[in-house]
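Visitor: This is what each chain is made of:
2 protein chains.
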Amino acid sequence: MLKLFQYNWQVRDDWFKWCESVSEEELLKERAGGVGSILYTLFHIIDVEYSWILELKGEPCPEEPPFESYASLAKVKEFSRMCHQEIEPFVISWTSEMEHQILSETDSSGKTICFKYGEIMRHVIAHEIHHIGQLSVWSRELGRSPVTANLIRRGLFDE
Amino acid sequence: MLKLFQYNWQVRDDWFKWCESVSEEELLKERAGGVGSILYTLFHIIDVEYSWILELKGEPCPEEPPFESYASLAKVKEFSRMCHQEIEPFVISWTSEMEHQILSETDSSGKTICFKYGEIMRHVIAHEIHHIGQLSVWSRELGRSPVTANLIRRGLFDE
Numbered sequence: 001m002l003k004l005f006q007y008n009w010q011v012r013d014d015w016f017k018w019c020e021s022v023s024e025e026e027l028l029k030e031r032a033g034g035v036g037s038i039l040y041t042l043f044h045i046i047d048v049e050y051s052w053i054l055e056l057k058g059e060p061c062p063e064e065p066p067f068e069s070y071a072s073l074a075k076v077k078e079f080s081r082m083c084h085q086e087i088e089p090f091v092i093s094w095t096s097e098m099e100h101q102i103l104s105e106t107d108s109s110g111k112t113i114c115f116k117y118g119e120i121m122r123h124v125i126a127h128e129i130h131h132i133g134q135l136s137v138w139s140r141e142l143g144r145s146p147v148t149a150n151l152i153r154r155g156l157f158d159e
Numbered sequence: 001m002l003k004l005f006q007y008n009w010q011v012r013d014d015w016f017k018w019c020e021s022v023s024e025e026e027l028l029k030e031r032a033g034g035v036g037s038i039l040y041t042l043f044h045i046i047d048v049e050y051s052w053i054l055e056l057k058g059e060p061c062p063e064e065p066p067f068e069s070y071a072s073l074a075k076v077k078e079f080s081r082m083c084h085q086e087i088e089p090f091v092i093s094w095t096s097e098m099e100h101q102i103l104s105e106t107d108s109s110g111k112t113i114c115f116k117y118g119e120i121m122r123h124v125i126a127h128e129i130h131h132i133g134q135l136s137v138w139s140r141e142l143g144r145s146p147v148t149a150n151l152i153r154r155g156l157f158d159e
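Going down the list, the protein sequences come from chains A and U.
For the record, in the first sequence the residue sitting at position 114 is 114 according to the UniProt record's numbering, with numbers rising by one throughout.
For the record, in the second sequence the residue sitting at position 1 is 1 according to the UniProt record's numbering, with numbers rising by one throughout.
These are calculated hints, taken from the structure and not from any lab test.
Remember, it's a predicted structure, so these values are computed and weren't measured experimentally.
Accuracy of the hints is not assured; some may be wrong.
As the list claims (entries may be wrong) - Below 27 Å or equal to it, Euclidean Cα-Cα: the simulated DSS-like pairs (lysine-lysine) are:
| # | chain 1 | residue 1 | chain 2 | residue 2 |
| --- | --- | --- | --- | --- |
| 1 | U | Lys3 | U | Lys77 |
| 2 | U | Lys29 | A | Lys3 |
| 3 | A | Lys17 | A | Lys111 |
| 4 | U | Lys3 | A | Lys111 |
| 5 | A | Lys111 | A | Lys3 |
| 6 | U | Lys57 | A | Lys3 |
| 7 | A | Lys116 | U | Lys57 |
| 8 | U | Lys116 | U | Lys3 |
| 9 | U | Lys29 | U | Lys17 |
| 10 | A | Lys111 | A | Lys29 |
| 11 | A | Lys75 | A | Lys57 |
| 12 | A | Lys29 | U | Lys29 |
| 13 | U | Lys116 | U | Lys77 |
| 14 | A | Lys17 | A | Lys57 |
| 15 | A | Lys3 | A | Lys57 |
| 16 | U | Lys3 | A | Lys3 |
| 17 | U | Lys77 | U | Lys17 |
| 18 | A | Lys57 | U | Lys3 |
| 19 | U | Lys17 | U | Lys3 |
| 20 | U | Lys57 | U | Lys29 |
| 21 | U | Lys57 | U | Lys17 |
| 22 | U | Lys116 | A | Lys3 |
| 23 | A | Lys111 | A | Lys77 |
Claimed, not checked - Calculated Cβ distances over 10 Å to all of chain U for the following chain A residues:
| # | residue |
| --- | --- |
| 24 | Trp15 |
| 25 | Ser51 |
| 26 | Leu54 |
| 27 | Pro60 |
| 28 | Trp138 |
Beta carbons are placed, not taken as given, at the ideal position from N, Cα and C, and that holds for glycine.
In isolation and in its complexed conformation, chain A is listed as follows (with noise of 0.2 Å):
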């Protein structure tokens, strides 16, 4: 499981690398699919990793906060490091004992749902790398190349 978190936060880190070199208007323009602007869904997939994993934790979960308040690369890079910090030491003590724990959930109409450990966490690994695909499309409509989608060669398996 660790590694393809790993795998997730050094593509993001190499997003914030490519974001760098765009304009802040194209970073927070508005485009056609996914949650809109290419700093948004990086702010998204961040909020997203850090909701599920305290709730994994028992900790209680705060409301998304408003996406205004982190509307710079600066802000969502520091949002990034914060939130990382909080749920690595989880991430990085995971073990298969944990796969069928349950995390019981109230849905909107009041129903429970459950959910085992080891589906949010494959949850949160496949929803950033889906939208960091479409951040490669979008980031070829800028007319530029996009961070390396690869997960061999990124030295996540070396001793």
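Given the coordinates of chain A, assemble chain U onto it according to the supplied hints.
Guide: Just chain U, lined up with the frame of chain A:
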């Protein structure tokens, strides 16, 4: 590992259904980003999964077939079915002991490169999710709702 493959296979089938309501012209139209068109993306995902897993199985890997021979929804679906049949047993029988097995490859410059089996498996997973993210943007550009990328609530973790 299996759950993320099963997620990809479900999502892929959902996209095949989505494709049924879109004209072949739109499915084949060249778009910005990724490998270029909706159908070619699906073809490419299947081919990459198939080729890597054949390599892990130690079987000779055929050349990528020319997309021109598969450029219709029916043919890509058939290609998926055929490849799936050959690779599913390997994915199902995956165990954590296989993680560190080594796949040696010779790159175009004649250099030997080594990959862990676990690295390749995760690469294949991330590869499909990433390209599906691209389809979701193109779908919105076509004015259509994309297939949901959610991994939760797909029944993947029901007993």
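Visitor: For each hint, tell me whether it holds in the structure or not.
Guide: Right, here's what the structure says about each hint:
no.: 1; hint: U:Lys3 with U:Lys77; in the structure: 21 Å, holds
no.: 2; hint: U:Lys29 with A:Lys3; in the structure: 36 Å, violated
no.: 3; hint: A:Lys17 with A:Lys111; in the structure: 43 Å, violated
no.: 4; hint: U:Lys3 with A:Lys111; in the structure: 26 Å, holds
no.: 5; hint: A:Lys111 with A:Lys3; in the structure: 34 Å, violated
no.: 6; hint: U:Lys57 with A:Lys3; in the structure: 22 Å, holds
no.: 7; hint: A:Lys116 with U:Lys57; in the structure: 31 Å, violated
no.: 8; hint: U:Lys116 with U:Lys3; in the structure: 20 Å, holds
no.: 9; hint: U:Lys29 with U:Lys17; in the structure: 18 Å, holds
no.: 10; hint: A:Lys111 with A:Lys29; in the structure: 38 Å, violated
no.: 11; hint: A:Lys75 with A:Lys57; in the structure: 25 Å, holds
no.: 12; hint: A:Lys29 with U:Lys29; in the structure: 25 Å, holds
no.: 13; hint: U:Lys116 with U:Lys77; in the structure: 30 Å, violated
no.: 14; hint: A:Lys17 with A:Lys57; in the structure: 30 Å, violated
no.: 15; hint: A:Lys3 with A:Lys57; in the structure: 20 Å, holds
no.: 16; hint: U:Lys3 with A:Lys3; in the structure: 16 Å, holds
no.: 17; hint: U:Lys77 with U:Lys17; in the structure: 10 Å, holds
no.: 18; hint: A:Lys57 with U:Lys3; in the structure: 22 Å, holds
no.: 19; hint: U:Lys17 with U:Lys3; in the structure: 21 Å, holds
no.: 20; hint: U:Lys57 with U:Lys29; in the structure: 35 Å, violated
no.: 21; hint: U:Lys57 with U:Lys17; in the structure: 30 Å, violated
no.: 22; hint: U:Lys116 with A:Lys3; in the structure: 12 Å, holds
no.: 23; hint: A:Lys111 with A:Lys77; in the structure: 36 Å, violated
no.: 24; hint: Trp15; in the structure: 12 Å, holds
no.: 25; hint: Ser51; in the structure: 13 Å, holds
no.: 26; hint: Leu54; in the structure: 16 Å, holds
no.: 27; hint: Pro60; in the structure: 21 Å, holds
no.: 28; hint: Trp138; in the structure: 7 Å, violated
Hints 2, 3, 5, 7, 10, 13, 14, 20, 21, 23 and 28 from the list above are not met by this structure, while the remaining hints are.
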